[in-house]
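Undergrad: Chains V and A, in that order, give the protein sequences.
Using the working numbering, you'd call the opening residue of the first sequence number 14 and step up by one each time.
Using the working numbering, you'd call the opening residue of the second sequence number 14 and step up by one each time.
It should be emphasised that the hints constitute simulated quantities derived from the structure, not laboratory data.
Among the hints, a few may not be true.
Pairs involving identical chains hold if they fit within one copy or between any two copies, as the list cannot separate such chains.
Claimed, not checked - Dumping the calculated BS3-like pairs for lysine-lysine here, alpha-carbon to alpha-carbon at most 30 Å:
#1 103 x 411
#2 344 x 553
#3 565 x 531
#4 531 x 103
#5 204 x 440
2 protein chains.
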Amino acid sequence: MVSKVKRLLIGRPMKSDELDHEKLSKFKALAVLSSDALSSVAYGTEQILIVLMVAGFSAVWYSIPISVAVLGLLAILILSYRQTIFAYPKGGGAYIVAKENLGVPVGLMAGGSLLVDYILTVAVSASAGTDALTSAFPFLHDYSVAIAITVILILTIINLRGVTEAASFIAIPVYLFVVSIFVLIISGVFKYATGDVHAAIPELGSAVSNISLFLLLKAFSSGCSALTGVEAVSNAIPNFKQPAEKNAAKTLVMMGLILGAMFIGISLLAYWYGVTPDPKVTVVSQISQSVFGRGFLYYAIQGVTALILFLAANTAYSAFPLLSFMLAKDKFMPHMFMVRGDRLGFSNGIIILGVLASVLVAAFHGDTGSLIPLYAVGVFIPFTLSQLGMMIHWYKTKPSAWIQRFVVNTIGMITTLSITLIFIFTKFSHIWMVFIFLPLVMLLFMRIHRHYVNTADQLRIQLDVDKPTIKGSTFLVPVSGITRVVLNSISYARSLSDNVVAVYIGFDEEEIQKMEQKWAEWNPGVRLIVLRSRYRSVVKPLIRFIETVEWKTASTDHITIVIPQFITKHWWQNILHNQSSLLIRTFLVNHKDIVITTVPYHLNK
Amino acid sequence: MVSKVKRLLIGRPMKSDELDHEKLSKFKALAVLSSDALSSVAYGTEQILIVLMVAGFSAVWYSIPISVAVLGLLAILILSYRQTIFAYPKGGGAYIVAKENLGVPVGLMAGGSLLVDYILTVAVSASAGTDALTSAFPFLHDYSVAIAITVILILTIINLRGVTEAASFIAIPVYLFVVSIFVLIISGVFKYATGDVHAAIPELGSAVSNISLFLLLKAFSSGCSALTGVEAVSNAIPNFKQPAEKNAAKTLVMMGLILGAMFIGISLLAYWYGVTPDPKVTVVSQISQSVFGRGFLYYAIQGVTALILFLAANTAYSAFPLLSFMLAKDKFMPHMFMVRGDRLGFSNGIIILGVLASVLVAAFHGDTGSLIPLYAVGVFIPFTLSQLGMMIHWYKTKPSAWIQRFVVNTIGMITTLSITLIFIFTKFSHIWMVFIFLPLVMLLFMRIHRHYVNTADQLRIQLDVDKPTIKGSTFLVPVSGITRVVLNSISYARSLSDNVVAVYIGFDEEEIQKMEQKWAEWNPGVRLIVLRSRYRSVVKPLIRFIETVEWKTASTDHITIVIPQFITKHWWQNILHNQSSLLIRTFLVNHKDIVITTVPYHLNK
């Protein structure tokens, strides 16, 4: 049953060598890896304008130089990450770069904040998309948490079906979004150029009385929210078709160009059309209304925008499992994140991401506003660390033209560091929990690492010295009566050793006498030892007896306890058997160094 | 940790021979077994008056003859159950009596409805007690389900601590209740006798225009709700100190006398003081206000009444586990209901009762009104069946004076049957689910019984024919590398047999070659067989290999698979190991007839 539902949702299992077919072409990679970055166009310009409006409408012209600055930062990031892709062709996310150049703890800091950030990406995108939906259909408002979690569930299932299928599913709305935004920009520019727009707007460079540097920086840092998601490509190089790094680099540049063009286009139109932010109507919506009026094109752009916000979550579904795989390979996360599922995705990572994001959505009641600052810090900390790592990388390896590369990353580092600091100083009350949570995650990574290293130490053997040794054996068979199950177990033990003892735990003298008598009558060639229990416990007298045997045999013998287990025909019948065998087994395996042999007895009706 | 909390709540484990000290004296038994019956005094008279008021105030005098009729029925029930106690000294609840005299299906019908009824008793009492509490403190109203469930939880814990402790805890409020009701009745009668009461009341026997037989019958059946709980004593005979049946009989008669006196006393006072039912003030509260005024005694009576309603649930906590024990002994319920816990109570029955009652309270949102009709039917069906059973018993065994005993039970049977029929016809819309649920429970009992009988058939051996047989043995050791764990498992297998094969499941050729080479270098004296898996599954190739081995060895050999199991030092470390061993074990034990040997490897850091 369960496995049938699984088949239906996830699809048939795939062979390991089908993995290569699962690799992404540039076209699909762009869709899968950039939906997060591209979708930020939907709110980036708006974030800048909201801050500037504090200084009044006359300040909105600053949005143009700020947008250009963001564009510059985007260019730096793209150039820098392009360098990273070629320097780290096996996947050079902030984790790898920071770890290799700045040491393991800094790498874990970068990796930990990225992991948390991916969870936040899913939570934020699902909540924001739901906000868009519930604004259009207010009667859905009471169900917003349920809707967001359903969206997460659907994304989880799509991603469990496999990377390629997810890409095919996602490519259409992503490219639709890109196309419609470009149609909007081109039409808008055309309309403006032909002189059809008559908005009263402050001139570029005109004096604004109450503008401060702090405000401009804050506007800039808010605009930088458009840059989240840029790092996704450099993490995901192993997902690309060969030649992976070249394809990845081209995809990254392509993404940068599209993102930059869309962002500056929207900013320019917003300025030319004199758009001011309105809590009820988004900036993109205002522009598209001015350009097209409330017609088909307007609704199409709104619909596709809502969809892309949902799909932004999908970037995290590619990046989170890959990063957990890398952390698991380095023994900082549980091995289970290295296992590929039926459809060759890292299913445990995908599932954990879905679960944690749903928990976040539920915990924050789907409130996008309180999630976003956390999200931005989570992005810019690893950005900065990655840039710093690349600086060290160039300084250490000194390849040709290393100085100009070093300069690129230095500029990038200083910029991203500044933005991080601006975030911390302007929004500390929202993000303080990062500074508690991040060290905890790092500590957990370290503890896990230590456990794996310790385990490996304990398990290592010297091939030439450590050989199998042959010892004697004592078998104990707990019996509760004389049945076919007991016959079975004793036959098995007797086949392996002459040293077999049956153990009976009796609660009152009458029972015990009857059992001894019947045993003598049966005479199976095995001695029966009776233990008396004054309580109703079976485990405790057995443990005491085992300790006596251990003491007698010292280390010369293996001690094996043979436990019969009923296998009922229907699962519900399990409840009908006392399962004291299960109790004994669980207790002994955890507490004693003895071997436990389970002899199944399959009931056939 | 868990076990410490358990100790704190439940107390230290007790020795089996302490059981006799756990038996109940008459004094404690009366408290434990009659709180349900006695508490009905709190609402019995009121139920009669509510129905009569439909015909107007002039009809209230009928409450006196009806109360006398209920008293008569009580006398019949007490006499009848007293006969049952001596006829069935090992516990003669409706289940036993009906099973022995009317056949197993009828017995199961009686037993099933009693079990359901006990669950309802707990749910109804907890809800009713909570109603009393939230009426007094309206701000608690939003938490009424939580309060009811907390009360159930507390009762469950008290009962897990053991029968005697529960009795000590419960005796005080029960006797307080009895004493305060008698104080009320005596004071009330005295006040009336001294001519201090001047209520205008309809005379006994005065004509009432619109009274109907149906109404009188309905009032009578409502009054019979005061009789629920009377059967508890006859079920619980094994809980009494020796001589159990005499003590039980005396307790039953004592309970009948107290209940009868309190019931008729309250009914008389209600009539004399001209009390009419009021949805906001209970009849008992009105009487006690008239007698004492709103002083200390008034509040004491109200408080003790609320408490007794909570404790009424406790009767079910004695009766349910005992009845499940009997049904389990007869193989109609799972064996686990026969296991005595640390404190010698049938803890599984106690826990299940608590859980199911909580579920009922939650499902009905603590609505007492919709639970009560189900509850009443659940009582009168087994009453009737038990009386019928006793009739057959006397007719078959014909002891001295059997005819008069037969007559007692016949009268009882006809009365209880009538009441059952009145319930069905007047309240069918509330109780129809009983006629769906009861057959389902009976069916479940039958299925369980068949399973146990089948199992016993399959397990039975002939002592003189079936002896242990000695066979050959093949050991398979799945290995995933060369570690101390593998060394351990192979040493163990080699100690028992020369026929040991190591099985390696490889996913790609490079790995496989490396493993084969390393194995040759190690040379542990055991052949390595490599299975190639095109999927990531370990279980499937292993199963295929086992099937090959089975086919080769036919039935001449035991096949044993040796599975190493990491035992980590801290529980959370378990998540760090893939536990594919657990997966293999679970799958194999359920699907294949091969022996599974778990070799524990205890990690010490």
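Undergrad: Which hints, by number, does the structure contradict?
TA: 5
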